[in-house]
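Throw the hints in and build the complete structure from the sequences for me.
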Amino acid sequence: AQSVSQHNHHVILSEAASLELGCNYSYGGTVNLFWYVQYPGQHLQLLLKYFSGDPLVKGIKGFEAEFIKSKFSFNLRKPSVQWSDTAEYFCAVKKASGGSYIPTFGRGTSLIVHP
Amino acid sequence: DAGITQSPRYKITETGRQVTLMCHQTWSHSYMFWYRQDLGHGLRLIYYSAAADITDKGEVPDGYVVSRSKTENFPLTLESATRSQTSVYFCASSGGPTDPFSDSEAFFGQGTRLTVV
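These protein sequences, in sequence, are chains A and B.
The letter at position 54 of the first sequence is residue 54 when you use the numbering used here, and the numbering goes up by one with no holes.
The letter at position 83 of the second sequence is residue 1083 when you use the numbering used here, and the numbering goes up by one with no holes.
It cannot be assumed that every hint is accurate.
In silico DSSO-like links for lysine-lysine, alpha-carbon gap of 27 Å or less [unchecked claim]:
1. Lys1070/B with Lys95/A
2. Lys71/A with Lys58/A
3. Lys71/A with Lys49/A
4. Lys61/A with Lys71/A
5. Lys1057/B with Lys95/A
6. Lys1070/B with Lys1011/B
Read the hints as simulated data drawn from the structure, not as lab findings.
What follows is the structure in structure tokens.
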């Protein structure tokens, strides 16, 4: 079974700082990759996703992620964070073939941005 | 309205009582999921369903029962609630191999905050 590791459990930044959240997965086959955001008290919403093509994926609110197949990684980045980016961030992976459509989530990273 | 809805949003129940959390989606997605979210554990899969009348266990199924008689509904029942089942429960749905958009992300409901006292 695939697994997802998010290395940073808690991140605290000041506004305008750059952000990079790490995500590594264990499955060796073709995968679909996702980053979700959960604002305080809300449900999970999709930030961006990678299925195929350009490994640099741009999402909403200025976020982007880079898929590096050789490193089994899908790190999330934002050049300049805002106070409103305070949230929980989840990386998820799903097998792209083989009949499994179950996304596996990492444990999440709590981001706090100070104004 | 299109989407995925959960009810109730908040529930307080006593230990030993049976509780059912409802989930309804309007996309006709094949796959539906129940996750629980707990501090330090992230999202853990309880049960999932690949289609009507097809369900399977996830990572933490003990103490829970699911059914899926219709594609759009996927209720989760706690047969005899325990304090360890105090959590936030999220239902989600996504496309499967027979859906028009099989390569899709999972869409989440607003969650149900369950407290067992």
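> Against which earlier hints does the structure fall short, listed by number upward?
Replying inline: none
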